[in-house]
Structure formats: C-alpha cells, structure tokens
Amino acid sequence: MAKRDQTRNGYSKFTQRMSVKLAVLFVMILVAFAFLGIRLFIINRDNGDKYKKRVLSQQAYDSVTIPAKRGDIVDRNNTKIAVSQKVYNVCIDSKSLNKDDGANIESTLTYLYACPVEFGYTKDELRSFIMANPDSQYRVIAKKQNYESVSEIMNMVNNPSMYPDFTGVWLEDTYVRQYPYNSLACDVIGFVQGDNEGAYGLEEFYNDTLVGTNGREYGYLNDDENLERTLKPAQDGKTLVTSIDVNIQSIVEKNILAFNEEHKNEAREGAGSTNTGVIVMNPNNGEVLAMASYPTFNLNDPRNTDNLDVKVELDPEKFGVMNGILDGNADLENMDDAEIAEAVRKMAEAEAGQAAAEGEQEAPALTEAENNAEAPEENVEDTSNIDINVGNRDKDEESAADADDPYAGLSYAEAYDKAYEEAKMEALNALWKNFCINSTYEPGSTMKPFTMAIGLEEGILRGDETYVCNGVTQVGDHEIHCSNRLGHGTLTFEGALEQSCNIAFMKIGATIGKATFMKYNQLFNFGLKTNIDLTGEALTNSLVFDINTMTPTDLAISSFGQGFNVTMIQMAAGFCSLINGGYYYKPHVVTKILDSAGATMEAEEPRILKQTVSEATSDKIRELCIGVVENGTGKSARPAGYRIGGKTGTAEKYPRGTENYVVSFMSFAPADDPQIVCYVVIDEPNVSYQANSKLAAVLCKDILTEVLPYMGIFQTEELTEKEAEELAEKQQEFSKGSSEDENPEEVPGEIIVDREDEGGQNPSDTGAITFVDENGNELDEEDKTDRKIEIDPATGYAIDPTSGVLLDPDTGAPVDPTVTDLR
Amino acid sequence: MSEQEKPKKKKRRYFFDYTMLFIVVFLILFGLVMLYSTSSYEANVKFEDPAFYFRKQAIASAVGIAAMLAVMLVDYHFVQRFAFIGYFISLFLIILVVTPLGYEAGGARRWLNLAGVSLQPAEVAKLALIVFFASVVCRFGEGIKGKKGFITVLALALPHAICVLTITQNLSSAIIIFSIVFMMLFVATPQYREYIIIGIIAVALAVITVLLVKYDVIPASVSYRFARIKAWLDPEAFAANKGFQTLQALYAIGSGDFFGKGLGESIQKLGYLPEAQNDMIFSIICEELGLFGAFAIILLFMLLIWRFMVIANNAQDMFGALLVVGVMAHISIQVILNIAVVTNTIPNTGITLPFISYGGSSVVFLLLEMGLVLSVSRSIRVEG
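If you read the sequences in order, they're chains A and B. Counting from 1, position 129 in the first sequence corresponds to residue 128 in numbering that gives the first Met the number 0; the numbering is continuous, with no gaps. Counting from 1, position 2 in the second sequence corresponds to residue 1 in numbering that gives the first Met the number 0; the numbering is continuous, with no gaps.
No lab work stands behind these hints: they were computed from the structure. Treat the hints with care, since some could be wrong.
[As the list claims (entries may be wrong)] Computed beta-carbon distance windows for the label pairs: (1) A:GLU216 <-> B:ASN112: 45 to 51 Å; (2) A:GLU216 <-> B:ASN240: 25 to 31 Å; (3) A:SER18 <-> B:ASN112: 51 to 57 Å; (4) A:ASP123 <-> B:LEU262: 29 to 35 Å.
[To be verified] The following residues of chain A were derived to be distant from chain B, with all beta-carbon distances above 10 Å: (5) ASP100; (6) GLY167; (7) LYS634; (8) LEU726.
Yeah, the Cβ is synthetic: ideal placement off N, Cα and C, and Gly gets one too.
Extracted from the complex, chain A is given alone in its bound form (with noise of 0.2 Å):
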C-alpha cells in the first residue's frame, strides 16, 4: 500500500482504529448537536408563548417620562410671581454599578464626589448602599439640583466613551416651582405640592391648566411586531396673565403689615389683627388688582411654622402629671404645656437611664418612652413631605380606635406631641386659606349702601327723607341700639348714610319689606358664590336669611349688615356694581392664558354677569358714599389731595357681648370716576376698643394714598398744610422704602412737587370741585349739641338719659365695653 510506504514506524499514519474512534467521536459529537436541537425545539414549543409575552411585557417598562413644564403665572405687567424651574434629581443604578464584580463603584463615587452636590449620602453611606443593594436600578441620591451643580455629572453620563469608569448614574429631568417674591400674594397664588399638584389659589383652580402633559418616549411594536420608538414630546402648561398687579399689592401688604405691626401685642399677646384682608379691585371690568390677607406665608416654604403660634391645651393632671412629681421646683402653675412636656420627657429620660444603670426590666418600656420622646423633633424635619391630609386621616384612625379620648393611653408627652402635630397642621391650613374669599363674616354697615339702593331702585325711598334717632328703637321683642345711643336726632336722607345711624336703615328696611330685601340680596349675589377663579370660595347659602323664616328684627339688623354672613369678595363685588352703573361684572384674577410659547389661548374678557341697579341709583349711592368720606364716619379715609367715596362698618362677632368686632370701609377712588374699589377688613384688630372702623378707614386711606399716584390718578384737591407736610413725610418713607440705594440726601420735598409738576393737577388750576371740610364738622358740632347731655362728673362721661350708661362725649359709644348692642 502506498500509504504504509510512506509511514516510518508504525504510527506515523491514521490507523484503521483511529478512524473507528474519530467516527465514535463524530457520533458522540452528533448526539449533543441533536440534543440541543430538541432542547432548542422544546424551548420553543413549551414555553415560546410565555417568552414571548415576557419579551413583551419587559418592553412596558421601557418607556421614560419626559416632565411637562409647569406654566408660569405672571401679573398684569409680566412680571413673574410663580415660575418653574428646570432642576435635576441625581439617581444611581446599583444593579448597573454591582456589574463586573463592583469594578466601577469606587471611580464612579470619586467622580460624583468631587461634583459640586450636595449628595443625601455621604460617600461611604453610599457606598454601602451600592453594596448592599444590587438589584436596585433607581435610587434618587441628590434632589433637585440645579444646572450649574449637575454639569460635570451631565458631560460624564454624555461621554461614556470618554469616561468608561463612571456608571450607573443618570440625570432625571424635573421642574421645582419658585415665586421670585416669596410670600406676595400668597393667597392668590397658592403653592404646589408634592407631585406638581397645586393647592390653594391660582395653582389649584388652574391646576390642569397649568401642569401640561408629560412627555412620553416609548417603545411599540408595530402590526409586522417589530419594535418602533416613539418620542411623544412633553406639552408645557399655560401661563397664566393675571389681573394682579405686584406693585399695588406690594403696597397693600405692606400697609396691611404696618398696621398688625403697630397693633401688635397691643390689647392681647399676638398680632395685630385675627386677620386683614384688602380687595382691591377694577369696578369696571371686575378684575382684581391686589388680594392680600394677613399673616402671610413663603410660599417657597409653606410649611415653615417659625411664625406661627401654635397653641396646644391638655391638661396635665388628666394625664397624672402633678406638682410634685417633676424636677425641684417645677410648677405647673407657671409653666406652659410645652415647658410640662419637656419635663416629662426629661423625666422619662432620667428614670429611663436609671432603669438602665439597675439592669431592671422596666428598661425597655421606658427606653420606649425615650424614643417617643425623641420622635417629634424628627416629624417636624418630616413635615416638608407630609400631605396635609395626614394629619386628618391619623385623627379619623384615631377617633375611630377611641371616639371619646383621642390621647388614651399614652403618656403626656406623647399626648403632648400629638395634640401639637394636629394644632399645627390646623393653623398651617388657616395660614394657607385665603380669607378674601373663604371666611365669611358680617359685613355690619358697608351694608347700608345696598339697602338705600335697594329702596332707591324700587321708588321706595326718594331720597328726601328723614330720621330722627334717639339711640334706641324696639324691633319685636328686641331693643337695639344705634352705635351712638345718645341718638343721631333728625338725620338726613344722606346724614343718614354719613352718621351710619342704624335707627334710619332699620326704618328704610322695614319700608323696604323682606320680600323685595332679600330680591335684591339675591341680586347682589349675597349667599351665592361669585364664581371668583380661585379655590376655596366659601359658600354662604345658609350663613344668610331665609324670607320664610326671617322675621322683622332680621329684617332690621340685616338692613345695617348684621345676621348674615358674607364673604369680602361678595362685598367688593356687589358694591362695584353699585358704583359703577349698576354692572355685575364676575370678579376673576386671570386675564389670559397663554400657551408655552407666549401666543394667547384664551382671554377672559370681562363678563357683566347681571344688573343690579339702575344708573340713576348707581350716581346716587355714589354720591351718597363721597357725602360719608367728606362729612360723615368716612372722613379719615381720604387720602390727601383726592376725593372718594366710602363706607364704614363696624360688625360685632358672634357669640355677642365678647367685644369682638369685625371693621371695614368700603371705598372707591376717584370720586367722579371709580377706577377702583378698594376694600378693607380687620377682623378682631388687636386694640382696646375693637368697634373703632376709622382702624379700618385709616388702612384704607393709607393703601389708597400709595395706589393712587401709581395707578397714574392725579390728585383734584388741594392740600392743607398739614396734609402736604404728611404727605411730604409719608413721601419721604416711601422713597427710603423703595430705593435704599439712592442718594439719602435726596430731599424728599422735591419729589412732591415734581409730581404735582408733572401732573398739573394744582387744584386750583383745574378748579375742580372742591369740598368744604367745615361742613362735617359742623354737622358733627350741631349733633353733639342738638340734644341735652349730662355729664357724669365723676368721670367725664356721658350718660344715656334712657338708660343711664356711661357713654363717650364724642362717639356717644358705651364706655363700659361690657354694655354691648349691635352696631
């Protein structure tokens, strides 16, 4: 054979056995490509459909939110009062980092720990974090960060290539919301909560307006079952224009501050004032130009509560904490329930470290205690993440356990701490309420205009009538007294308004008759919401009278304000269309909605909604209303150099006799052309004699005194000296205010008359109308000495000859604040 010519040993050539063994061979390796022929095959046919699905559903996760832009809300001038700001959240993929055995986990962390961060973790926290959790895919590790800080990590997640030891750490898009002026306008506003879900104000009623829809980028599988993705961009929400201007409720807030300031801790320990609320409004279109309450809040920190007073009442000895039984010279008498349940707690302590020291089993039980003890400091750094309804839904859960004593079992410090979790989110949310439009109260005389034209509408009052007060008159079963109970004596149709005597509109209402009273209240929209586009309108349906029920003496108190409950935004409304022809516009705050790109979607054109009186009746309560500022309880509204109009009211809150008052005015400027109706309420002002509206009257003239110039309304009437020095003082403030910057030496005096300069209103250049300020003080005069008074000699009052209670010479109100009437 040739083959066996060519072999040296007997082995050099394949042999007939090796052949036999590589066929084995070929053979074994046959099998195994035939068994994972049939493996692959039974794969398929077992478990092909599930696979499949769980190709599928692995794909659902795969899409990514793309955050929509909150819209903006911007004030009448486009000045941003609440923006959305694009911010990063810095998340770590641990499965991502884990992978190699961890081999990028230390370079990745000395990539984000020399970035400019603030991590939530230290390096080695996250570290360990990474270790221990290698299946976590998403963890947020920085919040909302800013351009600038994530920049670094930014270009690092860009640049794999280039920065192939940095993983598992991705940028998430986010927006936070800001308002660049912090706590203005507050109320109107609102602020935005957890996932871009606005509460309170404008953010909540225009909450689907303003949060856009989030963006999409997915995958699909198309008819042939083939993947596509799909990008499906984020649309941006609306920017809102709103009617408010920042400038006017600047001033409004700060003269709404400078008054709780002054008054502050004045008759009673707090604030100036339970609240102030200032509407300030177009009467000829219905738009609101500024909307303030106090106290206000940050709105870039709404649960901050360093301002508030928390108040927090248990009783001790219920929970068996006496004297005695704290530390030395503990006294439970002059301790406030904070200071007894920091005892407690350091009680607790102190035994609990005893305990511990003796080995005693009581230990852990108080160890407990301690801990407890320890858990409100961490709640109130928790609050900024807690929705407001917990705190409710833990008292519902509460009372349902134990309906009749929520703290049962627990001991004072914890009763303690739980009775100021839920007092806090409790002032928190009256923080937040706007009262402009969600506190309802009497209105007291602001009213009294309503009626004259009610009676003036119907051709019931001519407007040549008169009155004669005498201080008190009967209603029924009730005598009610006139805020001057030594009378008013015969009033005029007008000294009627001027005096606000409440004996004349208890007349003019009982001609009115309840039937067309209450018509007309229907009319001004009185126990109706005005629809006002923002959240939390209070409604009054039930807080008014019923013409079936009603009987004369509501009738009578209703006629000067008093029985009924309104809301201030009701008022302002209702009296601008008293103003301003008769015309009900629909208060609103938003003007027009914009789309993310500035073109407008929307315009809220003014909306007349009805008509109340007629124009002749509307120039009337006009006039009527400037006859208040000019000669009767309004006089010290009018801002120097102008002339308006208004209204006084002094309400007294319910339960009666406590001396809690309700003051306002109500007033319009200028005089001949309302271009806005500003309205004032203090409810319960922090000073000795609460039913004083001149507090009211006065915050009044001081807002308007700013407002006007700045609305461009020139002053028509001449100053007096001591007007112009005011002025020239008040001017003086205001540039110190606004521009600390400049030039202290800048006479202030200058700045008048460049103003009058400028506006060429010199009085006696236009000759405008001008009033005679005698004739009020003559009125006044001709009023205290119309009627006999005594005087009681031993303290210089008045006594009511009716009665014989002591009353103030001037005023002719009681003295006595315990002798109370309704005013």
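Mind docking chain B on chain A? Use the hints.
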C-alpha cells in the same frame, strides 16, 4: 509503484476541500451580519457608533482570512518545528497577563496588549496545544498506548489548563483546553476503558457539586460559580441577578418561533440581553431567524465537523490527522458548550460561538487553525 508515480508527480492532483472553505467563509460572513444586527444598538448607545463592534470584528476577520489562506498554502509540517517552542511561548503568554502588559475588560483580566494588538492568550494556547499534542503523539509513537504515556500526555496539558484557570479566572477556556487534549488522546489511543472511567468520574463530580450547591451544603456565596449553578437550576428565582442573562437568552429563543422575527428585528438585543453580540449571539439568531435559522447553523457546524473527520481519515500522515482532530475537537466543544449555555443546559459560563461571536483573538486563531486544516486537506492525494 514509485516508478509509476514519479513521472506523474507534476500532474498529480491534490485534493482541496472547497466545501470546508465555503462553510468557513459563509460562517464568517453570516457571523458579521448577525454581529452587526446584534451589536449596533448597544454600540450606538455606548459609543455612538452602530458599527463599532462590527468594524473591529470585520478587521479581525479579514486578518484571519488572510492568515488562513497563507497558512493553507504552506505545508503544515512547517508548524511541527514550532510545536515545543509554541508550547512554552503560549504558557508564557498566559503568565504575562499578570504583568502590566495584561489588561482587564468586562471585569476579567484575560487579555494582553502587545504593541497595540489585543490578544487573548487562551486562544493562543488552544492552537499551540493542538500543534504540540499532534507532534507529541507522533513522537511517542506506540508508547502512547501504555498507561504511562497516556498519563504523561494528559499531564502535559495541565500547566496551560491550570494557568488559564488560576491566572485568568477562565474556567471555560481551561475546560476547552483540557477537552481538546482529551479528545485528541481518545482518537490517538486504542483503549476506551480509561476514557469511560474519566468520563464517569467527571460526570459524578459535576453531579455531586451540583447537588451540594443545590441543597446549600456549599453556600453559593463561596464562589460566583456556585451562584451560577444555583441560577442554572432555577433561573427564574435569580431573575434579577445571576439568572438574568440566561433568562433573557431563553426569552429570546422562546420568542423567536420557527421562522423568527426577521433579521434585525430582535427586541432582546435592545439592552435586555447582556453580551448579546458575544456569548449570547446564538439566542439572538434564534430570535431573529427562529428555529429554522438555528438548525441551519447547527447543520453547518455538523457539516464542518464531518469534513474534519473526512480530512483526518484521509490525511497524509498522523501529524496532519491529529491536527485536524484537534481543531475538530476545539470547534465542536465550543459550539456544544455555547449552545448548551444559551439553552440553559449547563450553568452559565462564557464561551463564544466559533466564527460568529464577537472576539478578535478568537476569530483570528480559529482561522489559523482552519488554515492548518485546509493545508492538511491540500496534501491529500486524489487517487484514481
């Protein structure tokens, strides 16, 4: 006979295995197409260049085919001279991995960077050992039939296998190296009993290990290999972790149906299946081309192995035949283990699919081996 043939020498027709050349070229080209389909998504995400892996592989394939043609034209006895030196050089290269010349990729230190050319010493070792043992068996001659020779030859494979296992932490390559030698010996020696005994011992050891791991006698935390065994037994239970890749591969296979989703239409390659272009490329073939495509590839490999057998049986001499058997062992072992891993038939371990998976060293050295086989085939004289 010699008198008759000598004048014919110039006219003598030599055999050339075009079938095999065609299969190899087809597998290489098909592999490139599949590689591009599989890797373009990930390459785009990672390197913003969809052709990143494809280009590297295409260059390596071109180099490999050139090398294969060159080797094919050279008489394979040429390599016999380098058998011993190759043995030591390949061992040295493996040890070099611990020096700064070695580098790490994908969490394992298995590569050398020699003057800018990346090289996996394990691939060198496979080729070197095939040449070495073919040569050694020829030298030993009849001596190999004895027990002593048998053990000596097996022991000669140990340094490489142990170095690959310990230095580069590459169990699969160690197994492949050892298996190649084992198979070559199986063919070269007449006995069966030893192989059956070794086989039974190996299977028994494997079963015991698996059972110990399964019932937590050996905690899975001792080594990631044990964790892989656990994941192999129940991939769903370790779906987030060690079982993830296997499970994703099964999803890909199962969702392919008989004809697949179509070339380029895999979903699993879109970031779900790790190492899709590498160890797991076969599952993407199943997903895109279905069982049909998978069986076609398996059939091609069977054809290739059949050709090896034919060439080995007809080789001019023992050395050539054993070279072919070595290459046959190498390729068949890798194909079987790769598909077994992908189908979760054995625990997960990183084995590439010859000619198709991504990997420059692998494709170049496989083509060099193919060059040797073609060279052996060229020396077959066609009679009659």
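Each hint, compared with the structure:
1. Range check, GLU216 (chain A) to ASN112 (chain B): about 39 Å between beta-carbon atoms, so the 45 to 51 Å window is missed.
2. Between GLU216 (chain A) and ASN240 (chain B) the beta carbon distance is about 27 Å. The supplied range of 25 to 31 Å therefore holds.
3. About 44 Å separates the C-beta atoms of SER18 (chain A) and ASN112 (chain B), a value inconsistent with the hinted range of 51 to 57 Å.
4. Separation of ASP123 (chain A) from LEU262 (chain B) is about 49 Å and departs from the stated range, judged on CB atoms against 29 to 35 Å.
5. Distance to chain B contradicts ASP100 (chain A) as a non-interface residue, since its nearest Cβ pair spans about 6 Å, not more than 10 Å.
6. For GLY167 (chain A), the non-interface assignment is confirmed: its Cβ lies about 14 Å from the closest Cβ of chain B, beyond the 10 Å cut-off.
7. Distance check for LYS634 (chain A) against chain B: the nearest CB is about 78 Å away, which clears 10 Å, and the non-interface claim stands.
8. For LEU726 (chain A), the requirement that its beta carbon stay farther than 10 Å from each beta carbon of chain B is met, with the minimum near 70 Å.
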